[in-house]
Every structure is written in structure tokens, then in C-alpha cells.
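Colleague: Next come the chains, spelled out residue by residue.
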Amino acid sequence: MSNVFISTANCGKAHDADIYGVSVCLPYTVTCSGDGTIKLWKNKLLEDELPKENVITQFVHRTGVHHVDTFYSVETAGHELCIVSCVSFTGTIHFYQVDVKTNKIDAIDLLPSQDKKRSYWSLKWFKSDDQMVCHRLAATDVKGNTIVWRFHPFEQEFDEEMAKKEEETRTKRLARGQSVEDPPANVENDKELRLQPHLKLHGEVPSVDPVFATCVGISHNGLVATGFANGSVVVSELSTLRRIHNFEGFGIQGIEQNSSTVRAVAFSPLGTLLAVASDSGSYGCVSLYETEYGERVGSLTVPTHSAQTSIGTFAHNGWVFGLSFNSTGEFLATCGYDSKVRVWDVKLRERVSTLNISAGDVEIEEDIMLQDENGESVKNPPVMDVTFINKGVRGGMGSETNEGLCCVCLDRSVRWFRAAGGS
Amino acid sequence: MHDSSTRDDLYKSLLPSTRTVHMNAHDKDISGTIDTILSLTKNSIEQHQQPVNIQIKTQNKSFMSLKFPAHGLYSTVAAYNNSNRVAIMISLLHMIQKCITSNTIKTNRDVFYSNVELYGKQVTVDRWLNIISQGFELTNARDSLNVIPAQKGLVFTTQEIKVLTNGIEERINPFHSSLIPHMKQDSQCQILRERSGTTRLLVLEKEAVYNQFVNNMQPNSHSYDNFIIITGKGYPDFLTRLFLHKLQDSEIAIDYWEMYTDADPYGIDIAMKYVENSKEAYTCNKLVHRGVFLFQLMLNHQTQVQYLPMTQRDTVFATRILQRLTEPTGSNTTTIQELRRQIFLQKKAEMNVMSRENYLEQK
Numbered sequence: 001m002s003n004v005f006i007s008t009a010n011c012g013k014a015h016d017a018d019i020y021g022v023s024v025c026l027p028y029t030v031t032c033s034g035d036g037t038i039k040l041w042k043n044k045l046l047e048d049e050l051p052k053e054n055v056i057t058q059f060v061h062r063t064g065v066h067h068v069d070t071f072y073s074v075e076t077a078g079h080e081l082c083i084v085s086c087v088s089f090t091g092t093i094h095f096y097q098v099d100v101k102t103n104k105i106d107a108i109d110l111l112p113s114q115d116k117k118r119s120y121w122s123l124k125w126f127k128s129d130d131q132m133v134c135h136r137l138a139a140t141d142v143k144g145n146t147i148v149w150r151f152h153p154f155e156q157e158f159d160e161e162m163a164k165k166e167e168e169t170r171t172k173r174l175a176r177g178q179s180v181e182d183p184p185a186n187v188e189n190d191k192e193l194r195l196q197p198h199l200k201l202h203g204e205v206p207s208v209d210p211v212f213a214t215c216v217g218i219s220h221n222g223l224v225a226t227g228f229a230n231g232s233v234v235v236s237e238l239s240t241l242r243r244i245h246n247f248e249g250f251g252i253q254g255i256e257q258n259s260s261t262v263r264a265v266a267f268s269p270l271g272t273l274l275a276v277a278s279d280s281g282s283y284g285c286v287s288l289y290e291t292e293y294g295e296r297v298g299s300l301t302v303p304t305h306s307a308q309t310s311i312g313t314f315a316h317n318g319w320v321f322g323l324s325f326n327s328t329g330e331f332l333a334t335c336g337y338d339s340k341v342r343v344w345d346v347k348l349r350e351r352v353s354t355l356n357i358s359a360g361d362v363e364i365e366e367d368i369m370l371q372d373e374n375g376e377s378v379k380n381p382p383v384m385d386v387t388f389i390n391k392g393v394r395g396g397m398g399s400e401t402n403e404g405l406c407c408v409c410l411d412r413s414v415r416w417f418r419a420a421g422g423s
Numbered sequence: 001m002h003d004s005s006t007r008d009d010l011y012k013s014l015l016p017s018t019r020t021v022h023m024n025a026h027d028k029d030i031s032g033t034i035d036t037i038l039s040l041t042k043n044s045i046e047q048h049q050q051p052v053n054i055q056i057k058t059q060n061k062s063f064m065s066l067k068f069p070a071h072g073l074y075s076t077v078a079a080y081n082n083s084n085r086v087a088i089m090i091s092l093l094h095m096i097q098k099c100i101t102s103n104t105i106k107t108n109r110d111v112f113y114s115n116v117e118l119y120g121k122q123v124t125v126d127r128w129l130n131i132i133s134q135g136f137e138l139t140n141a142r143d144s145l146n147v148i149p150a151q152k153g154l155v156f157t158t159q160e161i162k163v164l165t166n167g168i169e170e171r172i173n174p175f176h177s178s179l180i181p182h183m184k185q186d187s188q189c190q191i192l193r194e195r196s197g198t199t200r201l202l203v204l205e206k207e208a209v210y211n212q213f214v215n216n217m218q219p220n221s222h223s224y225d226n227f228i229i230i231t232g233k234g235y236p237d238f239l240t241r242l243f244l245h246k247l248q249d250s251e252i253a254i255d256y257w258e259m260y261t262d263a264d265p266y267g268i269d270i271a272m273k274y275v276e277n278s279k280e281a282y283t284c285n286k287l288v289h290r291g292v293f294l295f296q297l298m299l300n301h302q303t304q305v306q307y308l309p310m311t312q313r314d315t316v317f318a319t320r321i322l323q324r325l326t327e328p329t330g331s332n333t334t335t336i337q338e339l340r341r342q343i344f345l346q347k348k349a350e351m352n353v354m355s356r357e358n359y360l361e362q363k
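First to last, the protein sequences are chains A and B. Residue 305 in the UniProt record's numbering is what sits at position 305 of the first sequence, and the numbering runs on without skipping anything. Residue 159 in the UniProt record's numbering is what sits at position 159 of the second sequence, and the numbering runs on without skipping anything.
Bound conformation, chain B alone:
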């Protein structure tokens, strides 16, 4: 105490010596890297009785530090949260390592349910997995950590589709609605031709409309074209988009790429999610936004359509998308036009109001 002339000096001199564990760009073997981190941490606490400070590189190149046990100024306040964070981190690292060594794949949801008390919420798992993959500077985290998001998208096809991932073949059976199978960036998709005729691919925003289609398709009727129907159930996940991207390269070409969303600003935003992404693997340039548009519904006076008023929030959101889409790089004129009409007319409508027949007539 006599050596420290200021409060700050005293504070510094009382700090325990800590061991810093860096978590940054890994070498080829992630499992080994994780092993090192875990054992370093363990040894430091168990054998040297030294606090550890795990430093993780974040997206903006700064460092995030996790200290255990919590020490330093205000440590008592932060202690609970902090130890929880360390626990989450260590347990996730451990889980990933186990998955990689045993060559199994788990979904985010599995991971969350393996320790609900610790994680609390599903998003906590998602967030920390992101932090880990950023720390390791992984380019395609979804593939290399062996922990993948749970599937969300559904696919229904009249022709069998083969998905090849690392030599393992998975098939999507025709005339069954199934979850889009897990695949990687280097997977391949092949449509197997069974019958002639044109192939239409429909991407539908809503599961309800998707079900309406799927329930009405029988294998033995021959009156229709070949169909591949996909729904991302609202905002699409990466897997759905990756699947669409891969279908673009299929040897048997798809003749019509159509996408239908609600006639509201969120529908437009969802449509843009399919065709725009900074990562090329998640875009599908061939998709054309074909509806549902306000004037399309108006053309059809026979069925009474309910138009809903746009809320303030909708208008603000729509204006923001419009500003983004009309930037010089943007293109899609139909979508922009529809967005302007929605704002101008102050109306929106749900895609459910259009009947199945009407969808099939749009070509």
C-alpha cells in the first residue's frame, strides 16, 4: 500500500496475474484449436490457480474478453452475468469439439435443449455460436462447426431431387412435403427427370398457401406441369436460400422461377431476401417476383378481396426499403413499382386471398 501513491496504482497492484487465452484465426483443425483453448483454461484454473482471460476477436477487429473468475473494478456487479457467459462459451466449445471428433451434426435447437437452464433462450445459443465462428474467423461457419440451424424451409416436388453432400446422397421423394435437407456450400443438387413437360418452381412466402398447393397435387393426375414448390415460412433461412441457389445449377433446367409473397412491404422485403445477399451462395438470381401485387388482386373482381390499411409502421418500413432498392445498384423494377403502389394506395393484402387456380394461371 505504501508503494501505491494513487488509487489507480493500488488498484493495479492488487490485480491478480492472469493468463490470457487468445481465440483467433485457427489452423486447419478446429477440434485441435478448441482442445488447446479448453486445456489451457483448465490448467490455468486447476493447477496454477490463475484467473483466465479469454480474448475473442469480434467482427470489428476489437477484442472481447471473458474473465473467470470475475475480477477487477465493479467485478461483483458483473460477476453473475460474466460467469454465465464463460460457462456458455466453454460449454459450447466443448459441444462443438465433441461433434467434430465424433463426426456428428447437431442443430442449434438440439444444443439449446441439451442445457436449457444455462442457455435460457434459443437466441443465446445462436448469438454465441456466431461469436465463436467470428472468433475463429470461419468463412462458412455453418459447415465447419458441425452445429447447424434447424431446418425451416419445406419443399414439395413432383420429380425426385438428389442432393449430394461429401459423397453422401440424400433424396427428396416426390409427392411428399419434406424439410429441405441439410446441405453444404459444396453440395450438389440434381433434379431427376421422370416425366416430360415444363418445370415450374414456386417459392411461396406462406406455409398455408404452400399446404393448399401440396394437398391438391396427386401423383396420378397428368393435367399439370412439373412442380417444385418451396416455402421459407416467412423470412427464409440460409438453408432454403442455399437450396435454391444450388437448384440453379441443376442439369435439368427449371423453366419458370416464380416467387409469391404477401402484397405488403414485408412481402417485398422477403422477396428481396431471396434475390439479394452479400454472399453469392445464398442468392437466387433466376427467381422472379411475380406477385401477389395489389393490382393483380383488383383485376379479379369476382372474388371479393379484403384490402388492409397500411399502418404508420408499414409506411415507414416501405419507404426505407424503397430508398434502399432505388440506389443506383438496384434493379428489380417490378418490385420497386409494387412498393411504390403500396405506399401510394396505402393498402396491403394477404397472399392467401388469391386462389390456387389464380396462381397457376400466372405464368
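Here chain A stands alone, though its shape is the one from the complex:
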């Protein structure tokens, strides 16, 4: 994969207020904004199609929407499921089911009613590739708890623990050389599978102190990470929801560098590494942790010549707002207040690419926003979120064979990039 990224599409004035988050699934790039709406931008665009003409807008809540995540999966018997979930400033999680063929979007109610009373903040879907493991949704609340639900796409619930036990006895019998009967192969197939997506509470990682839980991540090897406003990160086991690691922030009080709020956490695709973005004063750091033993293995830094930054190592000249691993886990994209998107080689811990975002490079001139309503310049707009796009998600212009990036910026723009060259 090359280290150069080329802009493939962008859209200025995509929302009427700050855009806080972006999430990409196969059919859509979904953004959420303070204007209270989520927008689903069609991914497969033809060369002459504009993003603004291929967007589904859904109003969520007037207070604004700050986190969004998508779930896209083709389930048993070819049932295609596309669910967009987002959190509004009132602390409510909203779910929408999208019919990809007709582009129809409908609000659905997935949460069990007893879980609706909390005030949620961030959320993350986990799409399981293992038939024995349920898909999951994790969300943090403002009091610092992390709540995990199992997601059942059909009316019949898949009993994960039961299946696990059966699997274990089966392997034991096999090991002893005893005969085993084939697992009751897809008994459900006999019955008609009724599509009825719903969530069932799995459990909760309770908070020790009531500290705002800013972000959450789930890994493929069964871990949940929660980032907190006081700079600490807690890693728990997904199946038992027991805490296994606790990474503390520096927590120095009374100096400019005191602020160490964790803004984003991301697991590498295999779950062996955890990247944590946190503040250091008005600068942003990205640290990498190894998840098996909970060891800090390094941080991503750029050389700095500034006299004020003698202590500390910074990844961005401003707070880091977003993190995203690519599908192979080789690269990590970060973005921040300094209006840059950086791509790092994870193994070498070196920066391999920097994208400088400028408000002026939006394609359509009347959509360029250089100032906000207060007259503050957004010429170099802070980048609020970034995500890698897998090969073949975006249409056209080499996106089939190359990975891409998508970021949302404070000039209310959405930008799509793809890696240059063939790979």
C-alpha cells in the first residue's frame, strides 16, 4: 500500500452545524452533526454523481447528535441488515434500520426498556465473524459505566454460552477419541427465521469513580476498552466483563499539561494493540498498548521544535479527535485539531503520510466555508473524526483495489480519499 492519499470526493456544508462523527459501512458513509441530523452518503458513486445528490437525511433530535456507528451484515439466509445507531446530546441512543435496496430509513427500537433510562455518551458495534459469537453493541454512559448488549438479528435468540459449552464437550469427546454426533446442523433452518433485530443486555462494566466515559472500543479477540475524561483507560474481558488492565493518565494537576482526557480508543483488527488518543494540555498524544499483558509499547510522535513542548511527545499540534486502524492493522490514521490527518506505520511507529485539510479545497465553490457564524476562521478546519475505508467500499477511481480514508471537519465538510497507485 502506498503512503500517498488522493482526494476522491468531498462535500462542503454537508451539515448545518459541527460534524462530530463519521462511520463507514458498505453501502453508506454516515455522518452525525450538531444540527440534529444524521446523513447517509451513498458510497458507490458514479463518476458524475455528486455526494450531495446521493444522500439520505434523517432528523434525530434537536439537541444534536455526537456519536454514530453503523452495523452492516448479511445474516443467515441472505438477510441483509444495515443499522445506524447514534447518540444525541440528551443521552438517548437512536437506532435506524436502512433498507439498502430502496434507501428507506426507519426508526427502530432495539434497546430493552429498562436500559433506556441511562444517559449514554458513546457507542460501538462489534460485528462478529464467528458463528458461535453474537454481534455486540457497547455503549458508555456519562457516569462512566460501560454497558454491553448482545445483538440478535432474528426472533430466535442464539444462546452463546450454551453453544460454547456444547462446543467444549464436543472437542473433549473428540480428544478422548469418542464418537460424536454431528452438531444439530442448523435446526433453525427448519423453522422460518423471522427477522426481528433486538438487543439483550449482556452486562455492565461498572465505573469505580463517576468519571465521564468518553469512548469505547471492542476487539475481535474479546476485549472492551473504555476511555475516560480523567485520562485513564480500562480494558475488560468481553465475555465476563471483568477488568483486566487499567492504563492511568499522568494525572498531574495544576499545570497546562494536566488535561489528559482520552478522546478515542481503537483496537487493531486482531485486537493485539490498543491505540489511545489523549490530550496533553492543548496538544494531542497517541499511545499504543499491547493488550495481552497490558504493556505500553510506545507512542506516535512527530519531531517538535517548539520551546513550550519540552516534555511530552505529541502526535498532533492540537487535541487528537479520531483514530482508525486499516483492515490489515499495518496503518493507523489519526486526526486532530491541527487540521491534519496523519497516517502512521504501526510497526515502525513512524508517520508515513500527512494530509493537510484546508477549507478552500472543497470542490464546489459555494460550499466552501471559511468562517463560522461567529466570524471565527475555519480556513484550517479541525478534523473531528477519521476512519479507514476498506477496499471496494467506495466506487470508482481505483477505490476497488485501494483502501481509503474519510474524515469530517469543522468547516462542515466530509472528505473522502483513497490510497494512490495500485497495490
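These are calculated hints, taken from the structure and not from any lab test. Hints may contain errors.
Covered stretches of chain B, as calculated for chain A (at least 3 residues, CB under 8 Å) [as the list claims (entries may be wrong)]:
no., stretch
1, 282–296
2, 305–315
3, 332–338
4, 342–350
Here are the simulated PhoX-like pairs of lysine-lysine, each with C-alpha atoms no more than 25 Å apart in a straight line [stated by the list, open to error]:
no., chain 1, residue 1, chain 2, residue 2
5, A, K165, A, K200
6, B, K206, B, K286
7, A, K164, A, K127
8, A, K379, B, K348
9, B, K348, A, K143
10, B, K184, B, K279
Glycine is no exception: its CB is placed at the ideal position from the N, C-alpha and C atoms.
Got chain A; can you put chain B on it based on the hints?
Modeller: Only chain B this time, still in chain A's reference frame:
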């Protein structure tokens, strides 16, 4: 006792006959109304030896009754508090009447200090004055009772400002920090032009920042525009807001109306207090919330800025304001955007960290 078959009947028959004094909408002369109430009460106790029951209309149109001496069920329990309440009421009425007849004006604070033992706390005076003005159904109580809140807001101006109240003229001297003068709803404010140039009005949340400005303004330097600087010292009182409202109608127009508060949810709430009020006389629509915003501080990397974490309480408070401000009638997009950013970033900052020069550059 033989006539009363039930306990309740007995209780009723033992009740003394009381005189009820109503306190409701007054005619034009408040002093006369108060006089009537006081003399009725006095006569009833002194001459008829009858307990009085003063009935006061409250905001929700129900009646609050003050009995003296306390009688009825549980009267012994309530006796102390009750007699205290009656005493406060009567003494305040007496004070108001004296003020009106002698045409003098007293502040809440003066009233409180005139009898600390009785009132105990300053808020007691404020609360009872409110009850009285509600009882009389006064529309602008602050003006008609001749008891006004103590001044809180400060003003500094480079041009003289004239305040006309009932034909009496009061002047705010230039280049002096002074308390905002007392004024009424029908007062008029005039800025007297002495020098040309644009006029900027700054409303600052904090007195410390205000002092920083004021101490650096000399009458003989000509490098700056005309300034009117106002601080409400945190949440503004009615007088500060009334003053701002009146300045809007001044013949010499103010070119820039700016307002600066802390970059925290309380700062936003304070800013909204200046521009939103159910009574039009206390709003100032021209004011624009220009800062201090989190990203404004970030833009300025040179000066190191300390960001403070939002507490749980801050977040809950911020969410509540956000819900209120985003109601369909609300407008102010910049303020709402800032509030969302504070919640999203979980950070706040004090307005003191921005230097005076930075404030002056924002225009």
C-alpha cells in the same frame, strides 16, 4: 361541649372569631392601602382583642394566611415561626409606607441592616418583598415600593452617559468605574458624544477582567475607540439588564455590542440571561455573545491555556441548557454550538486566560 358531637365540631366552636384583612390588588395609592392594612390590624388587636388573619394573594392565585396570635390546630408548634412571619410582614409594610410618604428610596440591604435580628438573612427580606409585591399585584415592584435591590453592576465609559429618571438627571462620569445608577422602567439613557470614532460596548462576566480593562484606560491616550464596559459580576441583576436595555435606545448609537463570559456552561447561562427574559425591559437583543469560546483559546497557541475538566454537574447543567436553547423558539446558533462543543470536548476554561489585547482584537 354538649352541643359538639364530634371532635371537629368542638374544635370549630372553640375557634375565636377572627378579623380577616385582605391584601390584594391595590388602588393607585399604595401608601394608603398599606395604611389601611396596618390600622385594621392594629385596631383589631388593640381595641377588639380579636386575632387577625392577613390574607395575601400569591402568584398562583391561592391565598397565604398569616394569623396573629397563632391559633387553631397545632398552633403551639407553629407559633414561633408564625409570629416571626407576621412581624417581618408588618415591619416591612411599615418601612415601605415610610419610604413612600417621605419619598426616599432604600435598598434591600439597608432594610435588612435596619433589623438584622428580625430578618436574620438578606434573602428573607428579598422573599418577603416579593410576596408583598405579588400580594399587591404590582407590575413593576422595584419602582413602586421604593425599596430597591442594592446595585451590583459596574460601568466604565469613555463618554459621559446621562440618565434621566422622573426629570432628575444623573451622570456617569467618564474614565471612572462606578456602580450602575438606579433607574426606573421609564428612565432614559443618553450617551454624550465627546469624541468621534466607533463605540464598542463590552459586557464582561467577571469583575477581575473588567478591572484589567479599566485600569489600563487613560483619558489622554487616543489610540482606542470609545468604550463602554459593563460587568454584572456573574449573574446580572435586573438593574444591569435594564441599563443595557435603555442604552439600546440611546440617540448616539453603539456600533459593537459584545459580551464575553467564561467558556463553561454557567458562562453560557449568564450570556443567555442578558438576551433572554420574559419581560422585555430586561433584555438586550443587540448583545452578541462573542466569547470566550474553547476554540478561540486554542487558536492562540502562544499563551498556554489551562483547560479544566467538566464535572458531572457541569455536563448535566449544560445538557439542560442545550435542551432549552434548542427549543423551536430559540435561535442563537453560536452559543448553542459552543455549548455542544463544551459537552463534546468535556472541557471548560476561564475567561481570565485571554489577554486584554486578545479581547480588543475580536471585533
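Colleague: Give me the numbers of the hints this structure contradicts, sorted from smallest to largest.
Modeller: Every hint satisfied by this model.
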